[in-house]
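Colleague: In the order they appear, the protein sequences are chains A and B.
For the first sequence, the positions run 1 to 257 when the numbering used here is used.
For the second sequence, the positions run 1 to 309 when the numbering used here is used.
Mixed in with the good hints, there may be bad ones.
Unchecked claim - Mimicking SDA-like on lysine to any residue, the simulated pairs with C-alpha atoms at most 25 Å apart in a straight line are:
1. Lys95/A <-> Asp56/B
2. Lys13/A <-> Arg127/B
3. Lys19/A <-> Asn81/B
4. Lys180/B <-> Pro147/B
5. Lys19/A <-> Tyr131/B
6. Lys126/B <-> Glu18/A
Calculated from the structure, these hints are not laboratory results.
Below are the chains, spelled out letter by letter.
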Amino acid sequence: MRQISAAYAKAVKELLREKAALFWTIAWPIIWVIIGSFSFTGSAPQGVIPYIKGSIAISMMVFALMIAGMSNLPASIAGDRANGLLAKLKSMPIKPYRDFIGRISAVITLSLLAAALVIVVGTAVGARFTGTETEIVQAIGFVFLVICASAGVGLMAGTLIKNLQGAIMTGVGIAVITSAISGLFAPYELLPVPLQVFSRVYPISSAQASIVHLLAGPEMVAYNPLTSSQVTLTIALSFALLFIGTILYSRLGWRLD
Amino acid sequence: MFAIHVENLVKTYDRRRVLNGVNLDVPEGEFYALMGPNGSGKTTLASIIAAVKMQDSGIVEVCGNKPAQAKESIGYVPQENFSSPKLSGKENLIYFAGLLGYSRSQANQLTAGMLNKLGLSEQADKRVDKYSGGMRKRLEVATAIFPGIKVLILDEPTTGLDPAARRAFFNMVQEIMDKKTSIILITHIGSDAELASRVGLIDNGKMIAEGTPDELKRKHAIEDVITVETAMKSDSVTSVLKDYSINGKVTESEAGYKIYSRNGDRVLADVVRNLDQAGHKVMRIEMARPTLEDVFFRLTERYLQEAIE
């Protein structure tokens with residue numbers, strides 16, 4: 001437990017002191033919440049605008065979670081490998097999984113902080129949310145699925161891409177491209193059919209649609225992401241990504257030969 | 001029982017044998033320097049002893065156990081700066097103490113004492129990216145000297161430090177170490193290796209010589225080393241100097257020409273006179289006792305610095 005908490009404390013401090021990580025994970029999504037809330041509400045009826053803003057805030061929250069997992073996590077792993085820390089850790093009596101739990105807990109902390117700030121700013125610029133207590137709990141569950149899937153991708157990038165900048169840019173690239181093609185930044189109904197299929201299969205966009213459905217209303221989503229088969233797929237793929245990332249990191253992440 | 005026992009160690013990368021049957025024994029409490037150029041295999045040897053890499057074949061024991069089973073006894077300081085630049089010196093040490101299983105209060109107490117010993121108390125709360133190279137290296141050594149460490153492995157710890165800082169660094173290491181702790185220093189700097197009680201010279205994955213610094217110099221580099229700097233470099237200078245060097249060997253380096261002589265004292269005046277007669281102005285001439293770098297040169301026909309390049 002002491003090893004995990006030591007790894008966690010180090011990773012949290014590093015993340016919170018890294019200006020670039022704070023900008024891209026927290027400030028950038030907030031900027032888009034503000035811009036989106038005043039620019040993209042169009043000619044929608046007045047009564048619907050707060051929920052459109054709510055939907056935008058949720059999308060940006062999900063994007064913040066993606067950046068935290070897909071970019072900050074590989075940056076932390078690749079950075080420690082580049083500066084020789086992993087070699088040092090290998091010589092010490094610590095198991096890779098304990099370091100992994102510490103790191104991922106730190107990313108979850110930053111993710112939740114970013115998510116909370118994005119929602120607070122969204123609310124401040126007029127976003128409104130619906131949802132019963134049960135729906136809020138379900139939405140939080142989907143938030144954790146986004147974190148799991150993003151962290152899984154981040155672990156893969158950090159493990160397989162040895163170069164620091166390469167690992168960061170791969171994570172950012174995956175986050176931006178998959179956000180764009182899965183309808184995170186654009187309405188689902190405007191996507192071509194193959195991308196609509198991708199949007200339903202990709203666990204992050206599917207979880208985002210579920211959160212919007214639960215907290216901004218079903219009319220904000222062009223399909224029902226809460227069918228049992230869709231939810232099962234989202235859960236299974238999110239955990240699969242995390243599982244693959246964890247296995248890769250545990251087996252290859254500390255390999256220095 | 002040796003603190004470190006290595007027997008017939010072999011390690012291959014991409015079909016290239018980096019270590020080729022290395023043998024090494026380091027008794028408890030010994031300060032041992034492993035000296036060789038880049039690519040000689042010394043860092044690979046250190047990282048296998050430190051449980052960071054696995055050998056292809058051969059035996060490696062640290063305090064009687066395989067390295068992976070002796071991690072509590074190993075303090076390893078890799079060549080790269082591994083301390084986190086975003087954390088303070090104290091936070092870095094507390095992190096490593098936590099990894100070793102110390103509680104927060106134990107870690108606080110322990111690290112305060114270590115920072116004091118290392119002369120870093122005043123900078124304890126300063127972020128490491130504000131530290132000088134020497135301060136950062138001292139901090140990193142501290143991560144490898146927690147109680148229970150019996151073997152300290154320092155991989156090129158003084159790279160980038162000036163001679164005074166290097167000397168201060170080794171004084172600090174020797175002061176803080178327990179008498180029973182064995183130290184392995186990996187280096188390509190002869191003057192650093194001179195501080196060790198025993199030195200192993202490694203080249204192309206093989207130990208080519210081993211002994212105390214004096215033994216090595218006596219056995220392999222009995223000549224005096226004369227360095228001559230002339231106003232202009234030319235083949236004619238080389239040809240004059242050839243007559244005064246053993247086997248006619250003259251080497252050229254940034255510092256000037258080097259020749260080796262068994263009678264340095266008597267040869268100096270002749271060298272200056274003959275160079276003068278040949279029309280070459282001598283800017284500087286000096287004689288020195290051989291160093292470990294000269295020993296390496298005698299054994300491999302290469303300067304350590306050339307081998308590094």
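Colleague: Now tell me if each hint is right for this structure.
Modeller: Tested hints:
no., hint, result
1, Lys95/A <-> Asp56/B, "holds, 23 Å"
2, Lys13/A <-> Arg127/B, "holds, 12 Å"
3, Lys19/A <-> Asn81/B, "holds, 21 Å"
4, Lys180/B <-> Pro147/B, "holds, 12 Å"
5, Lys19/A <-> Tyr131/B, "holds, 20 Å"
6, Lys126/B <-> Glu18/A, "holds, 16 Å"
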